[in-house]
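Peer 1: Protein sequences, first through last, are from chains H and E. Here the working numbering is used: position 193 in the first sequence is 193, and no number is missing along the way. Here the working numbering is used: position 295 in the second sequence is 295, and no number is missing along the way.
Calculated from the structure, these hints are not laboratory results. Watch out, some of these pointers could steer you wrong.
[What the hints assert, rightly or not] Derived Cβ-Cβ restraints for the label pairs, each shown as a range:
id: 1; chain 1: E; residue 1: L30; chain 2: H; residue 2: E204; range: 32 to 40 Å
id: 2; chain 1: H; residue 1: G169; chain 2: E; residue 2: E180; range: 52 to 60 Å
id: 3; chain 1: E; residue 1: D309; chain 2: H; residue 2: L138; range: 33 to 41 Å
id: 4; chain 1: H; residue 1: G213; chain 2: E; residue 2: T112; range: 46 to 54 Å
id: 5; chain 1: H; residue 1: S248; chain 2: E; residue 2: S105; range: 40 to 48 Å
[Claimed, not checked] Part of the chain H face toward chain E, derived, beta carbon under 10 Å:
id: 6; residue: R10
id: 7; residue: G13
id: 8; residue: I64
id: 9; residue: T221
id: 10; residue: T244
id: 11; residue: G272
We put the CB at the ideal spot given by N, CA and C, even for glycine.
Number of protein chains: 2
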Amino acid sequence: MNRQVILTSRPTGVAQAENFAIVDASSLPLADGQIRIRNRYLSVEPAMRGWIADASNYSAPVAIGAVMRALAVGEVVESLTEKYRPGELLVGWFGWQDEAVVEQSDIVRRITEVDLPPSLALGILGINGVSAHLALTLIGEPTSGDTVLVSTAAGAVGSAVGQIAQIFGCRTIGITGGAEKVAQCTEHFGYDAALDYKAANFSEALAAACSDGVNVYYDNTAGAISDLVYPHLSLNARVVICGTAAISSWSPWPDGPRVERHLLLKRARMQGFVIFDHMDKYEASVAQLADWVRSGWLRYQEDILNGLDTCPDALAGLYRGENKGKRIIKL
Amino acid sequence: MNRQVILTSRPTGVAQAENFAIVDASSLPLADGQIRIRNRYLSVEPAMRGWIADASNYSAPVAIGAVMRALAVGEVVESLTEKYRPGELLVGWFGWQDEAVVEQSDIVRRITEVDLPPSLALGILGINGVSAHLALTLIGEPTSGDTVLVSTAAGAVGSAVGQIAQIFGCRTIGITGGAEKVAQCTEHFGYDAALDYKAANFSEALAAACSDGVNVYYDNTAGAISDLVYPHLSLNARVVICGTAAISSWSPWPDGPRVERHLLLKRARMQGFVIFDHMDKYEASVAQLADWVRSGWLRYQEDILNGLDTCPDALAGLYRGENKGKRIIKL
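Could you build all of it, start to finish, from the sequences and the hints given here?
Peer 2: So this is what it looks like as structure tokens:
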């Protein structure tokens, strides 16, 4: 039998535990070209909110009654293609379930960095780390001496952005919530400065930290934090729009202070980034990130839950801010 | 005597006639390196609102009591530098006055396209045309087959954008105000379609015209028109922020629907453009534009007022929308 986490109803905001159910399904026989995967680690992503939402997104919404879409690390247990062999560890769209029968197109990559923990392929060596690396370099274009400001600075993406910007010789400022995460930013992830957006003096602290202007703003929030950041953009600044976590719903569409005047006066650029447009650069990016991890320049933090039963509440918990690091479910 | 238009008070919105006065000043003697210019054509620009405003801008505000800052075409009448000779026609920051005593740094260029009317150096062969050309190509990156949407489509910048996009093989849609300007867009400036933003069905007409998505949005407005355009951006769209004419004041700072989600979902880019960053490309751009004018591919429309007395109300008139084409004052 194969235990699966099924989406049973469509939430208006963030999916809660009651929007999912765990069901027992039978193991399916393989068709030609298919591969049977035994999942070992399941990923939990903030972007899952968008994958579930019944609104315009970069992918079709997860259907009601379908297994929750998720990246996972799994082992090939049976294969009807010569390309993959039993025992190999793969990353792919294997879903929140014990076992997946997949096509080759569901596979993102074979894990080759066998000296490192396989769970990293869902975080620092997965779409979080690769998004941080590619969006920062392709859109942010950081140059030594730049000030790079990161929202969700202690998160799976943000913490990688800050450290990669450091490797590029930038001054890094992280924005995060609460004293514990502020300390994690400076002590664990090496930010030059970290600011608590929940602090009463956040606006003044931000202005002081950004008095020389922000050359690169890497944002995952798109809300009140960004509204305070935009006035501090420097000439020719680059704003990476990688997520919109601060906005709980786009229906009705929320207003905010207009950005056009900042972009004009500062000749600044804002650009959206979705990792799935850049899969041709994925493997090279993972290789670079793995080298940085091995050399100790790139640190990571994992938040590991145990067992499939933790899936239904895992995404809601992410939005409650209860995780410290990349949330992964170990099976 | 030298008649000058002086800024006498700082307006909160657009400068009106009563914010200026015309005074008689004496002709100054030249110091070494200076040039005396007899102005022939004075420019009137929407951007003058920003040059006058007492707010953050890309240049220091015009001082109270100073001659109004303006580009002009003038003839050298006396020169204490070997670089410029009496009789030459120059474009530069000569101000709203009959005669200017200037430094070499105030001169933008010598007019070399002597077969074309010299007033063009303030419009289609001046910062309007060059802004259209450089911002469209450098930020908009138009490709044959793209849909290019232009706000203020009949204006001095917008009308050039639409025609240049046509030269690049794009489908062009213009947005303008009123039936007369709509007809001018399609009949005179060659837009494939033109929409009246004052029409009751504008939103529906825009959606229909942009049903295949907007690859390039060249904007001079930053207001309600843009808010309707952003949802129609195509994947990888480019938004050129060249002006913010729809916003009469940035104090208090106006709100609008948030743009981040559009930029993320469409992996789109918004970027501000100020011509003064690109003066190294100015001469080459003028040469290209002049060739297009000569070949009949690039048409223009001038709105010529007569005499210095028309200066004080000329900018307010521009914002009242009374001009048809590039507003110039002939002395």
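Peer 1: Find the hints from earlier in the document that the structure breaks and name them by number, from lowest to highest.
Peer 2: Of the numbered hints given earlier, those the structure breaks are 1, 3, 4, 5, 6, 7, 8, listed in rising order.
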